[in-house]
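Colleague: What follows is each chain in one-letter form.
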Amino acid sequence: EVQLVESGGGLVQPGGSLRLSCAASGFTFSIYSMNWVRQAPGKGLEWVSYISSSSTTIYYADSVKGRFTISRDNVKNSLYLQMNSLRDEDTAVYYCVRDSGRDGYTAWGQGTLVTVSS
Amino acid sequence: QSVLTQPPSASGTPGQRVTISCSGSSSNIGSNYVYWYQQLPGTAPKLLIYRNNQRPSGVPDRFSGSRSGTSASLAISGLRSEDEADYYCAAWDGSLSVAVFGGGTQLTVL
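Line order of the protein sequences matches chains A and B. The opening residue of the first sequence carries number 2 in this note's numbering; numbering runs sequentially from there. The opening residue of the second sequence carries number 109 in this note's numbering; numbering runs sequentially from there.
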């Protein structure tokens with residue numbers, strides 16, 4: 002069974018940092034690109050970042066560029082999101098998402114809540 | 109506001125057919141595949157339609173997708189109470205090099 006389990010969310014003050022992790026199981030993690038997608042409370046989905054299977058290609062949404070860093074460890078079957086200089090508007094549930102290319106986002110984690118507040 | 113435009117809400121009665129539109133531009137819908145995701149209340153999104161009109165295994169054929177020019181639509185026929193959810197369209201934007209989502213459409217089954 003495909004599983005994506007996020008962790009690392011929590012309450013952080015504006016300007017602070019947080020590192021999210023996503024543990025993947027039930028599929029060959031190393032051959033899939035991955036994404037982070039977030040959803041602010043009561044709002045829609047917002048794509049955050051993409052990383053290719055070998056980490057050679059990385060993209061970020063303009064809203065997080067220069068503050069967030071996506072990475073992965075194919076030995077540990079894990080995806081990460083280092084979030085720095087956090088702002089109130091970064092408050093959201095962050096989903097770890099498997100990218101099957103032209104077949105779409107075929108697996109989603111349950112999400113981890115990040116709350117940025119003083 | 110979102111790069112892709114969807115109506116914020118839609119509704120229908122059981123058994124009815126409803127459609128949800130998604131409008132974009134030549135750099136996203138006009139030149140890349142469209143995807144649809146269903147988010148049931150309190151759950152993570154799930155892939156509903158890929159490559160404009162393909163259904164993953166397990167998705168009922170009541171759900172169908174189409175694309176024409178810079179717009180796409182999701183049709184749900186034989187509406188059921190369990191279809192009550194938020195629906196999002198998505199595509200890759202080649203000019204921005206980002207994935208873009210619509211703002212989402214909340215479907216109510218009356």
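Hint data in this document are derived by calculation from the structure and do not stem from the laboratory. Heads up, some of the hints might be wrong.
Quick list of in silico lysine-lysine cross-link-like pairs, DSSO-like style, CA-CA up to 27 Å [unchecked claim]: (1) K77(A) x K154(B); (2) K77(A) x K66(A); (3) K44(A) x K77(A); (4) K44(A) x K154(B).
Some but not every residue of chain A turned toward chain B, in silico, with C-beta under 7 Å [claimed, not checked]: (5) A24; (6) F28; (7) G45; (8) A62; (9) K66; (10) N78; (11) Y81; (12) D104; (13) Y106; (14) T107; (15) W109; (16) G112; (17) L114.
It should be emphasised that the depicted structure is a prediction, and the values quoted were computed from it without experimental measurement. Here a beta-carbon is modelled for each residue, glycine too, at the ideal position from N, C-alpha and C.
Colleague: Could you run down the list of hints and mark each one as holding or not?
Modeller: Status of the hints after comparison with the structure:
1. K77(A) x K154(B): Roughly 25 Å between the alpha carbons, so the hint for K77(A) and K154(B) holds.
2. K77(A) x K66(A): holds (26 Å)
3. K44(A) x K77(A): violated (32 Å)
4. K44(A) x K154(B): holds (17 Å)
5. A24: violated (15 Å)
6. F28: Cβ of F28(A) sits 15 Å from chain B, so the hint is violated.
7. G45: Constraint on G45(A) satisfied, holds at 4 Å.
8. A62: holds (6 Å)
9. K66: violated (10 Å)
10. N78: violated (19 Å)
11. Y81: At 19 Å from the nearest chain B Cβ, Y81(A) fails the 7 Å test, so the hint is violated.
12. D104: OK, holds: D104(A) within 7 Å of chain B, min 5 Å.
13. Y106: OK, holds: Y106(A) within 7 Å of chain B, min 6 Å.
14. T107: The hint holds - T107(A) has a Cβ within 7 Å of chain B, the shortest such distance being about 6 Å.
15. W109: With Cβ-Cβ at 4 Å, under 7 Å, it holds.
16. G112: holds (6 Å)
17. L114: It is violated, given that the least Cβ distance between L114(A) and chain B is near 13 Å, above 7 Å.
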